[in-house]
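Visitor: Here is how the chains run, residue by residue.
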Amino acid sequence: MKYKVDEKGFYGNFGGAYIPEMLYPNIDELKRNYLKIINSENFRKDFEKLLSEYVGRPTPLYFAERLSKKYNTKIYLKREDLCHTGAHKINNTIGQILLAKNLNKKRIIAETGAGQHGVATATVCALMGIDCVIYMGEVDIKRQAPNVARMKMLGAQVRDAKSGSKTLKDATNEAMRDWINNPVDTHYIIGSVVGPHPYPDMVTRLQAVISKEVKTQLLEKEGRDYPDYLIACVGGGSNAAGLYYHYLNNEKVKIIAVEAAGKGINSGESAATIKLGKIGIMHGSKTLLMQNDDGQIIEPYSISAGLDYPGIGPLHSHLYETERAKFVSVNDSEAMDWGLALSQIEGIIPAIETAHAFSILDTMAFKKDDILVFNCSGRGDKDLETYIKYFKL
Amino acid sequence: MKYKVDEKGFYGNFGGAYIPEMLYPNIDELKRNYLKIINSENFRKDFEKLLSEYVGRPTPLYFAERLSKKYNTKIYLKREDLCHTGAHKINNTIGQILLAKNLNKKRIIAETGAGQHGVATATVCALMGIDCVIYMGEVDIKRQAPNVARMKMLGAQVRDAKSGSKTLKDATNEAMRDWINNPVDTHYIIGSVVGPHPYPDMVTRLQAVISKEVKTQLLEKEGRDYPDYLIACVGGGSNAAGLYYHYLNNEKVKIIAVEAAGKGINSGESAATIKLGKIGIMHGSKTLLMQNDDGQIIEPYSISAGLDYPGIGPLHSHLYETERAKFVSVNDSEAMDWGLALSQIEGIIPAIETAHAFSILDTMAFKKDDILVFNCSGRGDKDLETYIKYFKL
Amino acid sequence: MNRIQKKLKEDKKILSVYFTAGFPKLDDTKKIISRLEKHNVDLIEVGIPFSDPLADGETIQKSSKKAIENGMTIRTLFSQLKDLRKKVKIPVILMGYLNPIIQFGIEKFCVKSKEIGIDGLIIPDLPVEIYIEEYKSLFNKNNLLNIFLITPQTSEERIKLIDKNSKGFIYMVSSSSITGSKKNLEDNSFKYFDKISNMNLNNPSIVGFGISNRETYQKVIEKSKGAIVGSAFINFIEQNGIECIGKFIKKFR
Amino acid sequence: MNRIQKKLKEDKKILSVYFTAGFPKLDDTKKIISRLEKHNVDLIEVGIPFSDPLADGETIQKSSKKAIENGMTIRTLFSQLKDLRKKVKIPVILMGYLNPIIQFGIEKFCVKSKEIGIDGLIIPDLPVEIYIEEYKSLFNKNNLLNIFLITPQTSEERIKLIDKNSKGFIYMVSSSSITGSKKNLEDNSFKYFDKISNMNLNNPSIVGFGISNRETYQKVIEKSKGAIVGSAFINFIEQNGIECIGKFIKKFR
Ligand SMILES: Cc1ncc(COP(=O)(O)O)c(C=O)c1O
Ligand SMILES: Cc1ncc(COP(=O)(O)O)c(C=O)c1O
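Chains as they are written, first to last, in numbering that gives the first Met the number 0: chain A, 0 to 392; chain B, 0 to 392; chain C, 0 to 252; chain D, 0 to 252.
The reader is advised that the hints may include incorrect statements.
As the list claims (entries may be wrong) - Cut-off 20 Å, straight-line C-alpha distance, at most; resulting in silico cross-link-like pairs (EDC-like, lysine to aspartate or glutamate):
1) C/Lys65 x B/Asp293
2) A/Lys388 x A/Asp336
3) A/Lys48 x B/Glu64
4) B/Lys251 x B/Glu322
What the hints assert, rightly or not - A few chain A residues that face chain D, going by a derived Cβ cut-off under 10 Å, partial list only:
5) Asp5
6) Lys7
7) Gly15
8) Leu22
9) Tyr23
10) Asn25
11) Pro182
12) Val183
13) Ile273
14) Lys277
15) Glu298
In short, the hints are calculated from the structure, not lab data.
Remember, it's a predicted structure, so these values are computed and weren't measured experimentally.
Just so it is clear, CB atoms sit at the ideal spot from N, CA and C, and this is done for glycine as well.
Isolated chain A, as found in the complex (with noise of 0.2 Å):
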């Protein structure tokens, strides 16, 4: 099992959990517990119970015809848009939701950069009866408004981060900084596989969900269970973790990573970390970082609020060490236009930040029977007004 996390918290040369001492007692408690919680029945049977019930799983697996034809290849999504909220946050979110209600925690935080996990915490929050603070960068407040107002429908507080470059890296600085002042009744539920050990085991397993379904799912349509390729977008990585997990000692499934590259590799504004980091430290995970020589980590930027993250999860980085996964880069522009095609292709709108894995149908050759599994990873509700500006629609 070289892909999974081991007990100190590392993959490979990534991972571990660099805290300050203030965080020490919240995260030991977490680590102390996570996998008896998560693995305990109690909690398989109300995680799943909610899955099924609450968010709509399993999500299907849709055989894209339309698609298929166009790029004479077999290509499948996986419907996380369909999921209650809108996106595969919310698996994570219903999992450390009933595990803050085993650990008797009162009051959950959270970051959020496109909203999506920040609706999906404030979502959990509300069907427990718990009170619900969301931090976002000014910025993304403004360029995802619908989420915004879906937070406060729900009745959670959204407080703006002003700090730094306002965007999701520093709505997580302001979370971490929030679970110091309340290290004690607050559970903090981190919307990635990023952060200090045990988030990134912990948000993985939880979405693992996903590729634990797409075997079953592609068994029954395929007649085998696993596929030619994985692909996905990653901002931190969760949605792309989830799709491969129980795929990643399957040398069979070759795997492919989307990230953003903003206006462009070299353009100074673009959030490629794998392009452009190098290793280092921040929000307690040592991992690939876009920072420059001084270690000073750089404002990302991706016209998807999702993707817009200087850093990405230890397990990614070590995929991308270890040559397990390829990673691929893909401009606004490139993804925009995707979101524009699935939707008129097949009806589905997609988040930006999902348009962006499509783009790799424009750059590799498929063959005609491979077996491609795109992660449809959200809706683009929240990306309409981005969308129509920039489509002039």
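Once you've looked at the hints, dock chains B, C and D with the ligands against the given chain A.
Guide: Then chains B, C and D with the ligands, alone, in the frame of chain A:
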């Protein structure tokens, strides 16, 4: 089967096909073919496949624990809000697009109020690569902007209906005029159980998948396949018809339909067709209508664009006349409060249409072990601006 | 014999004019009728305005809206036309959607129409089957001819059914379209006119929809008993008022 | 013996001051150090600015941002402090997050620090376990004391582990909070100070976070070896400049 449509297209005193001769060939073609097609094995196979792989059916029947506790009864939500595109409307459009293909139609038109049906239609047209024109009242275009954006993303042409009250009724007139002008290659996908026969029956049958699933799901959860109460909001009545369908002849099941009273039944600004309507003929159907003494249709009003219709499907007029269903009308303010309440109690932001249904919890008494099934007909993403403004969030 | 039937017996082509009652002004109805007769129009169709005229184009929609705002109702129309037959000799047809008529009361509507001297009815959303079953005998009793529409899409079988149930003329819709929506007649409209004329129906046909000038009128009457002008007339009186109706009619013959 | 250890041996309470290198102006670093020493501060913590200082409150965040904009880097800092020990006698500690240090090169960082005469390091995001495994021997080799933080939530067991691995003092965070976030110390902070003092640790404790005036300083040093002032000092020099640092120090003792 006293709630089934008869040979001539009537439910008791209501229904029929009061259409101008220009529409006769279209309607006749449909009438002669719809049952044959939708009962054919090929259709069922394609329909069920798309519903399952594309739409995400079966939608969950979710036991709302906190809501049940609060009202001391057993409340289930049928989660049509989890359907692809966010409402039950797509059940119908998937069916009709397959039918249109079967009839060799090359172009689709539709009317829309809330935009949900427009989006659902634009979606299936994109999926099938068929041209699509959507008529929408000017007023609705403004208040349901996100859905207009979605239709455009999906490649549909949105035409504003400028006549009359510039809402759903007028969009329907415009669509019918388009159909008159394009009688050969165009199929008109009506979005509710309204219009001339065979639309009410056809749309009901396509939406009936809702109650079909409820039966199976209730049996699994409660050991019996029927509830004590079925509750749905009624605009034209399609989500309600779909929820009621398989229970119409089971007198143990009490049926409640909730319509929009706008600013109040007697305010002059309302869409409470049953309360205020008299029998009449509009959009090709004999049914209850809001009209003045001269037979002019009254411009309805509701804060929810999807209920803002002065008529009601003929099935529902019949259910009312025969007292099979109890009709309740609910003001804007009660509906809005329920939109917020459901968001904060269950983490589900409902469409304002949907929110109307829940108001009966405040006015009717239920027993502790009564089983209530609410149709959660759609999600509230399209209504965020209205909610935010209303509650000054 | 009904005035329509008599008129159709005459050896001449029919020019029929449609207008919406109560438009441009509420009490223009009678004045318009008088002037149309004075200028030798053969037949008049008086439209009863409806809020949701789904078979009508923009021009008639707008005139209907205005007429309703002006206060036009069936009651008002009947009282305006009380003394119609003191002066007017040509056939007059009422055209309107079913709903206002039903609300007024179908029986009362027929009786009143007969009293006043109305000769026929055009009810676009009353299909022939429902007519036969529910309305025919009542209309007959009141000597009201029901006029049915046919279109290029209407099947031969159905045309025969309509012909069988008609006693005046058949309203031959020029093309598949709502009123006023096409600027010119299409070539295949004429093929369709020929087809109908070759069917040797019992009732003559009069062409409606899209007749807007002398050219279309002349072409159409070669193939039929006459033509109906609607939207073009309404546009004219909206722009020029009702005084110079004669000028409009002269544009046709 | 390290300067910190010597200082701690003195029979007096410690006043330690934190400031961010390169703030308010890039070359203020040395001037501030000199003035602090002149005004009898016992110990100085020089903050290396980082873009994402997650344990710091608004004041220090802002000063770090400004310092980075001013051009402060580890390289620059080391060159500014090149001749530190020509004048400055009191212990100087560098405080900074791990990432900039790693990018500079951890070994080079330690060697440079020793060369200059740095006495200790505070690296908030370096937990004791990783310290022991990867950093301890390197720090020891360069005579750099690593200072660990503890909080009211730190378990006794862990405090003992930290104590065992400390050779200077323990940085006792006054309450569970980020720097500068609380106006006053809470009552149970004092219970916690008592608890620590009753544990009879090998290393003395110095209290940080929330020390902003004479009152808090005096209360705190009753229970500990001393106190660290950070945000309050940064606020002061931001508002008053660095000339009148003496006035600020006199507010404490
Ligand atoms: C739809 C969608 N996809 C992908 C992402 C990126 O996150 P991750 O890489 O953790 O899946 C986001 C983040 O908000 C998202 O909303
Ligand atoms: C979510 C939702 N519910 C209900 C309705 C009302 O339509 P119907 O009564 O046909 O279900 C609409 C119409 O747009 C809708 O969007």
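Visitor: Verify the proposed pairing of B/Lys251 with B/Glu322, using a straight-line Cα cut of 20 Å.
Guide: Distance ~14 Å between B/Lys251 and B/Glu322 Cα, so the pair holds.
Visitor: Please check whether A/Tyr23 passes as an interface residue: C-beta within 10 Å of a C-beta belonging to chain D.
Guide: Since the shortest Cβ distance to chain D is 7 Å, the answer is holds.
Visitor: A closest beta-carbon separation below 10 Å is what the hint needs, so does A/Lys7 meet it against chain D?
Guide: 8 Å, holds
Visitor: Hinted pair, alpha-carbon criterion (20 Å max): C/Lys65, B/Asp293. Please report holds or violated.
Guide: 15 Å, holds
Visitor: Does A/Leu22 pass the interface hint, meaning its C-beta sits closer than 10 Å to a C-beta of chain D?
Guide: Hint holds; A/Leu22 Cβ to chain D Cβ min 8 Å, cut 10 Å.
Visitor: Can we keep the A/Asp5 interface hint, with Cβ of chain D closer than 10 Å?
Guide: At about 13 Å, which exceeds the 10 Å cut-off, the nearest Cβ of chain D leaves the hint on A/Asp5 violated.
Visitor: Given a cut of 10 Å on the nearest C-beta pair, is the interface hint for A/Gly15 held or broken against chain D?
Guide: 7 Å, holds
Visitor: Checking hints one by one. Is A/Val183 an interface residue toward chain D, by the C-beta closer than 10 Å rule?
Guide: Holds. Min distance 7 Å.
Visitor: Against chain D, run the beta carbon of A/Glu298 and see if the smallest gap drops under 10 Å.
Guide: Holds, about 8 Å.
Visitor: So, as I understand it, the hint says A/Ile273 touches chain D; can you test that by seeing if any CB pair is closer than 10 Å?
Guide: Nearest chain D Cβ about 18 Å off; hint violated.
Visitor: Quick one, is the A/Asn25 hint okay against chain D at 10 Å, beta carbons?
Guide: Holds, because the Cβ-Cβ distance from A/Asn25 to chain D comes to roughly 8 Å (cut-off 10 Å).
Visitor: Is the hinted pair A/Lys48 and B/Glu64 satisfied, with a Cα-Cα distance of at most 20 Å?
Guide: 13 Å, holds
When each numbered hint is compared with the structure, violations occur for hints 5, 13.
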